[in-house]
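Since chain A is already given, all that's left is putting chain B on it; use the hints.
As you go down the protein sequences, you meet chains A and B in turn.
So that you can map any letter, position 43 of the first sequence is 43 in the numbering used here, and since no number is skipped, the others follow by simple counting.
So that you can map any letter, position 100 of the second sequence is 100 in the numbering used here, and since no number is skipped, the others follow by simple counting.
Fair warning: there could be bad hints in the mix.
Said to hold, decoys possible - Simulated crosslink set (EDC-like; lysine to aspartate or glutamate; CA at most 20 Å straight-line):
no.	chain 1	residue 1	chain 2	residue 2
1	A	K225	B	D305
2	A	K187	B	D245
3	A	K235	B	D245
The set of hints was computed from the structure by calculation and includes no laboratory data.
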Amino acid sequence: MNIAVCVCQVPDTASVIGFVDGAIDLTRVNDVMNPYDEYALEEAVSLKERFEGSTVTVFSVAAVSAKEMLRKALAMGADRAVLVSNIVVSDSFQTAQVLCQAISAFYQQALPDLVFCGKHSTDFQNGQVPPMLAEMLGIPSVTGITALHASFESIQVEREIEGGLEYIDINYPALLSADKGLNMPRKTSIRAVIEARKKTIDLFYATLCENASVAMISIEPLERKKICKFMHSEKELIRHLNEEYSFF
Amino acid sequence: MNKFLVFLEQREGIVKKTSIDTWNRVQDLAALYGDSAVFGILAGPVDLQQLCASLSGKGVIYHASNEAFRLYNPGHYARLVAETLKLEACTTIFFADTVLSRDLAPKLSLRLKASLLSGCTIFDVSKEVCVRCLRPVYSGSTIASFVAERSIKIYTILSSAKLFHSISEAYPTIIPLETCCLTGSEDLFPIVRRMVMYSGRQDVTEASIIVAGGRGMGGSEGFVILEQLAQLLGGAVGASRQAVDGGWRPHFEQIGQTGKTVAPALYLACGISGTPQHLAGLGSGSTVVAAINSDRYAPIFDVADYGIVGDVHLVLPKLLDALHEFLKRK
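The shape of chain A in the complex, shown without the other chains (with noise of 0.2 Å):
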């Protein structure tokens, strides 16, 4: 079974996200690869150890520096990775036309079984690049899946909806995005961090064809403080969140 799977960088959570004359500084952040991403390249791996002579191979749209975060993926269990960092691209859209064209160059026209995403990047959370990728590839997908269980012949997965379940056939070639509950990543030995070293990271060079459908005009420091008021007993609180608000 041919693999692949779409990851990318986000800041971590302790990062602070910084201004500078107004302007958005993300100088003093550190890159990790996306969690919903992990989630994605453990049930790839685990699916290349069930299914003998499968191979996984990673794409990402990053700058170059994205090549740590990749050669971690390649720890994980990834065969093989590829990068495409001649591109700044501005929105969901143009990063799906780019993945696209790195996917269809590497499997030459020819598409591979199972595309795995992460449901969305925690900075934007969009969620958009998965079901984007699989419609310009010409494949079904499925969003957001808590459970998979596949076959050489079908798939069948759960996704969690609000109030509820759904249990959801689809055959191959098909897209799946991850959702946190499919797996545990796997921690990476160091022993496999060094035998990642020998696999190869590709540069692809894409080109943009369309224009971005989606600008951001602005970004700004969301303040979130408040006032608070310390209530001394229970029923002041019920009684100010009456009053004020009519909660009850």
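The following block gives chain B in isolation, referenced to the frame of chain A:
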């Protein structure tokens, strides 16, 4: 004329509250713009009585009640929305931000060559009929504004639950849609084979009141009182990442950066310290936050409107009793 199309999501024949909220918001938007018309598209058999009782405002709702639309099917639903868009020459589509719309809207945007803005919280309508969409990004530390560049626009809106909203005098017209030609074998997969809805509890993303617990609750037994509070208030139970990772609560209750983003009217944070990753899950600045924590300097109090410093195990039973009494007197 501005023509807006609102996608109304149903599950088990009941239109979702978040879709009703979206319909209401679009009604407000249409009134603000002036010279606008609101249309709705509803896929699947529904309880028409519930539908008519829930929706107010002027507009036309196209209803495809074919059994084939009962369960979500991206191919069928996408064609349905595209056909309705064409029928009424709408230029903008609104979805509530749900699992379904996160799955459908991106696919639809490609088919319609439309711009897609997901998870919008605030709409800023300027004079030049340019809608700016604001939403928190980077785990809630920053707020960004976006515009859709293409002529057809799709927005998914994070439902900001208000307990009360003005009900218009008018009611929408419901027009049945004939759809046998739309359920062909194109787009065979994916197929939703089965859907199971949990009974007896409200989903965090749909609740107007959330009673959330964190590490301070001590374990799954600690959440029993939160469930009682939620039930009394008609709300939902939420959890921090620590509570979920500890196995005390299921993942679908997790609120935060790797959980759900919610915008209830009232958020009661119990035994939650208030890490930035948790607060990232509070999507709206207009949510009233009340916190209970034994640590006077817990970060949660920096973002809370009200606070009680104390042991949750002592405070919550008293709060529950006081609420019982209060509600009895009403």
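Please name the hints from earlier in the document that this structure breaks, with their numbers sorted from lowest to highest. Violated hint: only 3; rest satisfied.
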